[in-house]
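Enquirer: Throw the hints in and build the complete structure from the sequences for me.
Line by line, the protein sequences are chains U and X. Mapping of the first sequence onto the working numbering: position 53 corresponds to residue 181, and the numbering continues sequentially without gaps. Mapping of the second sequence onto the working numbering: position 81 corresponds to residue 868, and the numbering continues sequentially without gaps.
The hints are simulated quantities; they were obtained by calculation from the structure and are not laboratory data. The C-beta atom is built at its ideal place from N, Cα and C for all residues, glycine as well. Do not rely on the hints blindly, as some may be mistaken.
[Unchecked claim] A few chain U residues facing chain X, derived, Cβ under 10 Å:
| hint | residue |
| --- | --- |
| 1 | G224 |
| 2 | I234 |
| 3 | E236 |
| 4 | Q242 |
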Amino acid sequence: MDDATGVPEPAAPRPAAAGAAAAGEPAAGDRAATAGEPVGRVLGTADATPLTFWTAVAPDGYLQLDDVVTTTRALPGRDPVSIAGVVTAVRARHEGAQFDSDVFAIAEGMLPAQVQEAAEVTTTRIDPEVYVPPRPGAPVHRATGAARDAALHFDRMSRAVPIGCGRDGQPTYLNADFLDGQRGAHVSISGISGVATKTSFATFLLYSVFRSGVLGADGVNAKALIFNVKGEDLLFLDHPNTRLTPETVQAYTRLGLPAGPFPDVRVYAPPRADSSGTPDVTSRTSGVDSFYWTLAEFCAKRLLPYVFADADDERQQYTMVVHAVTAQLARLAVPAEGGISLDGVRIGAYEALVDHLVDQLSDEDTRASWTGSAVSLGTVNAFARRLIASKRDLGRLIRGDLATRRPHEINTTEGAQVTVVDLHNLPDRAQRFVVGVTLKTEFERKEKAGTAKPLLFVVLDELNKYAPRDGSSPIKEVLLDIAERGRSMGVILVGAQQTASEVERRIVTNSAVRVVGRLDPAEASRPEYGFLPPTARQRVLLARPGTMFVNQPDIPVPLCLEFPFPAWATRHAEAGPPPAATLRSITQRTDPFAVVGSGATAVGDDEIPF
Amino acid sequence: MSWFVDPWNPSHGASFEAGTGPDSRSSADVDLDVELPTGAWNARRAPGDVRAAGAVLLVDGVRRIDATVWTAEPDGGSLPGLAASYAAGIVRCDLRGGTADLVAGEVRRGVFTASPTAGDLVTRHATYTRHRVQRGELEQLPAAVQGPLTALEVAVTGAAADADLVVVDGKLGGREAAATTIGYIKTQHRMYLPPAQAALVARLAAGERTPVFRIGDRWPSLSWYLRLPGPRGGPWAGVVRVECAAALPLPEAVRLADLSQVTLPLLASQAYKDPRAPQNLTPIAGLERRLRRLLGDGRLLHRAMSLAAG
Chain U
129 MDDATGVPEP AAPRPAAAGA AAAGEPAAGD RAATAGEPVG RVLGTADATP
179 LTFWTAVAPD GYLQLDDVVT TTRALPGRDP VSIAGVVTAV RARHEGAQFD
229 SDVFAIAEGM LPAQVQEAAE VTTTRIDPEV YVPPRPGAPV HRATGAARDA
279 ALHFDRMSRA VPIGCGRDGQ PTYLNADFLD GQRGAHVSIS GISGVATKTS
329 FATFLLYSVF RSGVLGADGV NAKALIFNVK GEDLLFLDHP NTRLTPETVQ
379 AYTRLGLPAG PFPDVRVYAP PRADSSGTPD VTSRTSGVDS FYWTLAEFCA
429 KRLLPYVFAD ADDERQQYTM VVHAVTAQLA RLAVPAEGGI SLDGVRIGAY
479 EALVDHLVDQ LSDEDTRASW TGSAVSLGTV NAFARRLIAS KRDLGRLIRG
529 DLATRRPHEI NTTEGAQVTV VDLHNLPDRA QRFVVGVTLK TEFERKEKAG
579 TAKPLLFVVL DELNKYAPRD GSSPIKEVLL DIAERGRSMG VILVGAQQTA
629 SEVERRIVTN SAVRVVGRLD PAEASRPEYG FLPPTARQRV LLARPGTMFV
679 NQPDIPVPLC LEFPFPAWAT RHAEAGPPPA ATLRSITQRT DPFAVVGSGA
729 TAVGDDEIPF
Chain X
788 MSWFVDPWNP SHGASFEAGT GPDSRSSADV DLDVELPTGA WNARRAPGDV
838 RAAGAVLLVD GVRRIDATVW TAEPDGGSLP GLAASYAAGI VRCDLRGGTA
888 DLVAGEVRRG VFTASPTAGD LVTRHATYTR HRVQRGELEQ LPAAVQGPLT
938 ALEVAVTGAA ADADLVVVDG KLGGREAAAT TIGYIKTQHR MYLPPAQAAL
988 VARLAAGERT PVFRIGDRWP SLSWYLRLPG PRGGPWAGVV RVECAAALPL
1038 PEAVRLADLS QVTLPLLASQ AYKDPRAPQN LTPIAGLERR LRRLLGDGRL
1088 LHRAMSLAAG
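Expert: Below, the structure written as structure tokens:
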């Protein structure tokens, strides 16, 4: 069956004035002509500056936060300057009242007073760039259509990815240049867990990149690697949402997107500890593959340091031992029927490897060959203690009992468009191991490929856990590498965290796009959110689920937007029928009945493929 | 002996400026036997079935001297003049609906001088229309502004339509008053009542009034004293005199008196908000503030005049 059935055709996914950028800048006068109804006048009792000014709202009009307005300023001997901005504060007061209690006299009809509303406008664009203030008394118009797109710089975006609707119900865009690495990369999403809908926004952003067609072939070929850290809610990305309402479909249509699930998703879950190695998930039963590493891979690929991925581990003495043992394992281990052979000893499980290493280290005769001679016994014991502690957590991920030939590797280049790695029922140490090793592998693969295309989007929640502000660890190094070099290598990090203040600063500052949902009041006042103007800082405390503030480099104020409810299932209860592809087992990754060019554009099973 | 503190701020004088001596007694012909015989005068409470007016119009004007000017006469002499801005307006208080709106507000500017040759004073921001006055001494000029201001008040009152009660700030004077119009006098400069009846005024409780009496001076009127609620700051504290057209039939006048008795106390101001509480009614204070704003910035106008006179 075809999961795309019934999905409406996407509307033209273009900001209204996008064509204008190609056709040359429209004159300021032209834009003023397209401005909407007058809503008030620039007031003169507060300073009007080129960057912010107050507007008195006409008695029969209104302005709300985030409304886009324009005004013009005539200059002698030059073209008029068009000043456009976003409403960042609104207030109403009684003029003529002197005392707080006058309000009662006014409400009882005894004291004449005038209710006057005023709106603070933060300038987003001055065209041409002559930084003069608007004159008090100048009429202010609500910006609609091309004027709104110009005010928000949408007309200058050659590739605009729709990311939601503004408060005025009109689409809001993200400049793809700052997403795909051309001028910037990486997205940082902050917000309180549960209310801020960080993961939903990250997945919606991916959906928009893949389905809007804005990135052209790059968007279609791009891959995504999503780590699912909480619940099983990201395991149904390819299932249609049975609770999709017509309003949601309409919201997608308004953004120029079809409302449907992700077409091409592969889910990896850790294997059960038993010898079957079946994936350990409860709600999703089909289309899930296990991922694990064989002991031989563990030794050959030098994965031991990722077992010690706690942030403070790196400061300890025993890291010398880690690296010495890692090197020794890589040299000595010989693959043997799934497991390995070390010094002639056959080892078939991670627990056995740990026991063998501890034995070797305890023995006076063999210790020096593993650690070198200058290491104290205390350091060796510290290493051994931590190694033993890792047995329980990593035993089921590092296997010697499952067939080597069985596909078990997470590989985004050969897999589906979206790869979901389920970590939610893994202990903390195992989560770090999987994230660290997977990211390192993917990054090295991209390094080897030497080309930025196809893009790889990495969605990682709880970034503060993997790349905390203090300390260092192998996994933090990988993430820093991605943040600093990923832009040129085509690896785009979409990181989410409750508190950006607890994430490594270099990762946050390297993110071109910063997104904020509902924040904790103490967190909102930290300098990491300096891009939020004071009123926005107050508003993020009240942001509802689905409301995000998005800051991108070429728009001077963060845009408040609402993104539509997911069109894919977010839990088992709302999942529609699974797509046909998930019914195939991993051993039949290549469907013998599929025509060439299968995947997202696969011909439905019920159709004749020619 | 006990003391009373007058509620008014001293910079506004006192609400009762009439002395007790015979010289402050009004020479006007006062007829006390109008509502009640002189001997039967007592404090009147409003009948229980009188309800406060639903819509009240309050008329007031403000003025400001913007500059003292001097003319250069062809004969080399110089005459003084006053440049003044004045405004009149109406506030409509809908006490049932709970709205108070400025329904009319007019601003005029004039230069008042006895100079026979002076024309209008034109400045960058405003034009002051010339008003020729008879007596040109500087001390007399401020009084000359009152005439045009009253005329302006009358003009804007004409714009106002239906209301249960129209309150004019000050004496009705010569204006043609409708049957619902009352004059409202905050400051008592003249004592119209003989001592026996004046003592009754001093005894009035809040919301009580004297019987209606007739004053037969240049502009005859029917009048009564009324005490507004407020701190007890002396025998005449909170007392205002209200008047209506003398031509009104007596029952109409008594009805107006009763209506004023229940309506005006609602509008009385609070001592801590208004230096002339309670007599300066809250809507009038608000109206005066609005009108003063309409007058514009005095310093700006003064500068404009200096530049224009150059």
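Enquirer: So, for every hint listed, does it hold in this structure?
Expert: Now for the hints, and whether the structure bears them out:
| no. | hint | in the structure |
| --- | --- | --- |
| 1 | G224 | holds, 6 Å |
| 2 | I234 | holds, 7 Å |
| 3 | E236 | holds, 6 Å |
| 4 | Q242 | holds, 8 Å |
Of the numbered hints given earlier, the model fails none.
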